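> If you want the building blocks of each chain, they are given just below.
Protein chains: 2
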Amino acid sequence: MAPATVDAFMAPATPLSADNSDVNATPHASRSSSVSSPPYQAVDYSQKIDVNPRKGTRDFPPEDMRLRNWLFQNFREVSQLFGFEEVDYPILESEALYIRKGGEEIRDQIYCFEDRGNRRVALRPELTPSLARLVMQKGQSLSYPIKWYAIGQCWRYENMTRGRRREHYQWNMDIIGVPDVTGEAELISSIVTFFKRIGITAKDVGIKISSRKVLQEVMSLYSVPETSFTKACIIIDKMGKITIEELKKELKSIELSNDAIENLLQVLSIKSFTELEEKLGGTGEAINELKQLFSLAEKFGYSEWIQFDASVVRGLAYYTGIVFEGFDREGKLRAVCGGGRYDRLFSTFGGDDLPACGFGFGDAVIIELLKERRLLPEVPLEIENIVCSLDPDLKGAAARVASVLRGKGRCVDLVLENKPLKWVFKRAARINARRLILVGSAEWEKGMVVVKILSSGEQYQVNVDELE
Amino acid sequence: MAPATVDAFMAPATPLSADNSDVNATPHASRSSSVSSPPYQAVDYSQKIDVNPRKGTRDFPPEDMRLRNWLFQNFREVSQLFGFEEVDYPILESEALYIRKGGEEIRDQIYCFEDRGNRRVALRPELTPSLARLVMQKGQSLSYPIKWYAIGQCWRYENMTRGRRREHYQWNMDIIGVPDVTGEAELISSIVTFFKRIGITAKDVGIKISSRKVLQEVMSLYSVPETSFTKACIIIDKMGKITIEELKKELKSIELSNDAIENLLQVLSIKSFTELEEKLGGTGEAINELKQLFSLAEKFGYSEWIQFDASVVRGLAYYTGIVFEGFDREGKLRAVCGGGRYDRLFSTFGGDDLPACGFGFGDAVIIELLKERRLLPEVPLEIENIVCSLDPDLKGAAARVASVLRGKGRCVDLVLENKPLKWVFKRAARINARRLILVGSAEWEKGMVVVKILSSGEQYQVNVDELE
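If you read the protein sequences in the order shown, they are chains A and B.
For the first sequence, this note's numbering begins at 1 and goes up steadily by one.
For the second sequence, this note's numbering begins at 1001 and goes up steadily by one.
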């Protein structure tokens, strides 16, 4: 769905190691074997390669990967609570999938290439077009409604400024085949469930909700040509990022009258249903759907999280109805997530339309928010056991001990080299091991090993086959 | 590590839906709302888009994604049993990271592009160069030995033939900082643990082991210039794929004498240590390391899985010592996985060398093997509960019921539309629901719902707050 946070990549830049010249200070390639080792076609490079990932991309060293896994696991578990099935699509798609009319920012930032066969390809900037393609391909073989989720990397080629990256991961949930507003209500419920799960409250974030049909009704009052509607939405989405004067100028450029523009801006500032009903009358589709959604929200139990805000339109061309956007109540961060209904996307691909709604939730702003609120979890490395032989001749024995434990489902860091005990204790502390298992010759002769519980210092001997 | 199966992408082609014209036969975009819905900038396309993923790439619809998740989960759990930490790198890297001398096949198949800034970039063909880059970047801040694993998508641009794809996923495990052969022994142990876990036995697959130092020792007997060594390895790796005559011709082209070639071919046919010792003498480093490895294998308990085979050299330039390759004992499939020691990779990147070993294990051949052996698991969709209102007015009530259950960690497929009971039972069967929870007005007035256990047909009423 909408790459709510496509423009807000995880901020922390990969740290540069100031000096790599001492990279092998700890372990050394066995010098003794260097004479007889096969020669490597070395020195292809007269100087060191650039050790940083390409501009705008990230490495995930273990500590970052643990955080990413924690986040994705929460995405997955929430999706599963809601009965959604996981899917994925290629990262590389035809560029044509993303070329839409309407002046979207995303179009100019497609990470596109020509492949060796001179075909235009793109690293996907969002997941929804791939979803539509796959649904069209599967056609009748699918059971509707489809409830799918995906967690995929998306790309955009933009000028690099602080905190902006060229890739991010996005969690999407989509419902295909449900025309009712229960679809949107269910999606918002899953977003709220996710927030609660990771410790975010309704005081931290809210979800602004509107419908493109609100603007549609205003524009039809002024006989704005239908072709200008999508363009107007994309312009309006820039509100807050550009000045009101610039906004008016852009709206004029798509041939909206001054009157229409003034009225539009008035409507966009509406934050209550009462006011909206006064403006549009109480019988339109826009208001009815919004009322239904707010009524369902009460039953779902997330009323305090949501609020009507006519200024929400979202920046993607394909939305047709309800649109929503998660926001930081302190106003410091960009949108946390966003989505809406897109009932006409399939026909733009030459297929028959299907009622559809969904959302996109990036991995960047949410991490920033958790940091801001000091809610970022500690996700320490934890390897339950460390196994070490006290004698080089007992390495095989230590291997056997490790195998016995692993066979019983226990995680083991096996010390592969001859290291002093001091080093082993340090490593045990780094990996947060619970037990140190020492293989010494006196015990091993009797088939025993020494188990040390690291928290208490308690120590006992046990037969290797009785290790649990 | 070595993309053992980089040339063997998952065979089943994405099915083409024969006819997509009836794609919306089941659900329809709400026709009633079409008049007042905002106009979508439709018909950008005069005809339907290509609904297939790009040549050589895969979609993962839910059933394929479940299988992928099952496979990856096994990769992960085994890696964790061995105390390895997960990492990831960008899919997009500088092309320079992959340009090595030595005539590797992989070089001609790099999926490379020029980006908008006219820089040469590549979709990674393998993970090891990124690992080396990250280790060089982190330098001293890492605690050695490093034990990392990754599961990442790799790309190669090759001509498409049956069963060959342009992307695949590869599981890598690498140990950086251990010069001893215990490193390789540990890696092979994790591969065997993985095989056992998914039901593959030592009768199904074996692991051929050799060392590049064996060839090195032979070549030094014939004063083969060291610069020809890597090239010779890459040529020898083609054995079995090209004829012996072609092989000899290629070896001649790098200036090996006829004598050297004949001797080399003789050595390559050796399958026992005794024979190898006769040929090379019993004191060389190659033989010593191999003997140590086989002795450790006994302690680890995987002797029956491995065998010495001098013909194994692996096709990547950077290996320097032990090399190994998992193979299908029936000989029908390509290598299942492969790896080895690469103690000189870092210096080719302009860094200081670090002892290193690792392996690559693709997602393609293993799935083929499981199919061949009828071991492919059933990974059915299972959503424990399906919740449905019996009256359109009770949709909010059904939403409340779903929320209560989800709050207790239960997975719920909530029926979002008004559907006949017959449809609901059909859906319940499709998602393998255990319970159907019906919200009817008579019960709801008392705060109750009807729970139906689908396996037994048992049915009872329960207060919504007491639902577990």
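Do not take every clue at face value.
Estimated spans, in silico, between C-beta atoms of each pair [to be verified]: (1) A:Glu330 to B:Gly1117: 27 to 37 Å; (2) A:Glu63 to B:Gly1199: 26 to 36 Å; (3) A:Arg116 to B:Arg1374: 34 to 44 Å; (4) B:Ser1223 to A:Arg76: 55 to 65 Å; (5) A:Ala202 to B:Glu1466: 19 to 29 Å; (6) B:Asn1463 to A:Glu298: 50 to 60 Å; (7) B:Asp1465 to A:Arg120: 49 to 59 Å; (8) A:Arg116 to B:Ile1242: 22 to 32 Å; (9) A:Glu304 to B:Arg1374: 45 to 55 Å; (10) A:Asn118 to B:Ala1096: 19 to 29 Å; (11) A:Glu278 to B:Asp1465: 17 to 27 Å; (12) B:Asp1115 to A:Ser269: 58 to 68 Å.
The hints are simulated quantities; they were obtained by calculation from the structure and are not laboratory data.
Only a predicted model underlies this, so the values are computations on that prediction, with no experimental measurement involved.
Note that the Cβ used here is the ideal one computed from N, Cα and C, for glycine as well.
> Hint by hint, say whether it matches the structure.
These are the hints, each one checked on the structure:
1. Restraint check, A:Glu330 to B:Gly1117: a C-beta distance of roughly 36 Å satisfies the suggested window 27 to 37 Å.
2. Between A:Glu63 and B:Gly1199 the C-beta distance comes to about 34 Å, which sits within the given range of 26 to 36 Å.
3. Judged by the Cβ atoms, the range 34 to 44 Å given for A:Arg116 and B:Arg1374 holds: they are separated by roughly 39 Å.
4. One distance hint, 55 to 65 Å for the beta-carbon pair B:Ser1223 and A:Arg76, holds here, with the actual separation near 59 Å.
5. Between A:Ala202 and B:Glu1466 the beta carbon distance is about 27 Å. The supplied range of 19 to 29 Å therefore holds.
6. Range check, B:Asn1463 to A:Glu298: Cβ separation about 20 Å, and the 50 to 60 Å hint is violated.
7. Here the CB-CB span from B:Asp1465 to A:Arg120 is close to 57 Å, well matched to the stated 49 to 59 Å.
8. Distance hint check: the CB atoms of A:Arg116 and B:Ile1242 are about 24 Å apart, consistent with the given range 22 to 32 Å.
9. A C-beta distance of roughly 54 Å is found between A:Glu304 and B:Arg1374, which places it inside the suggested range of 45 to 55 Å.
10. At about 23 Å, the CB distance of A:Asn118 to B:Ala1096 agrees with the hint of 19 to 29 Å.
11. About 40 Å separates the C-beta atoms of A:Glu278 and B:Asp1465, a value inconsistent with the hinted range of 17 to 27 Å.
12. With their beta carbons about 42 Å apart, B:Asp1115 and A:Ser269 fall outside the hinted range of 58 to 68 Å.
When held up to the earlier numbered hints, the structure conflicts with 6, 11 and 12 and fits the remainder.
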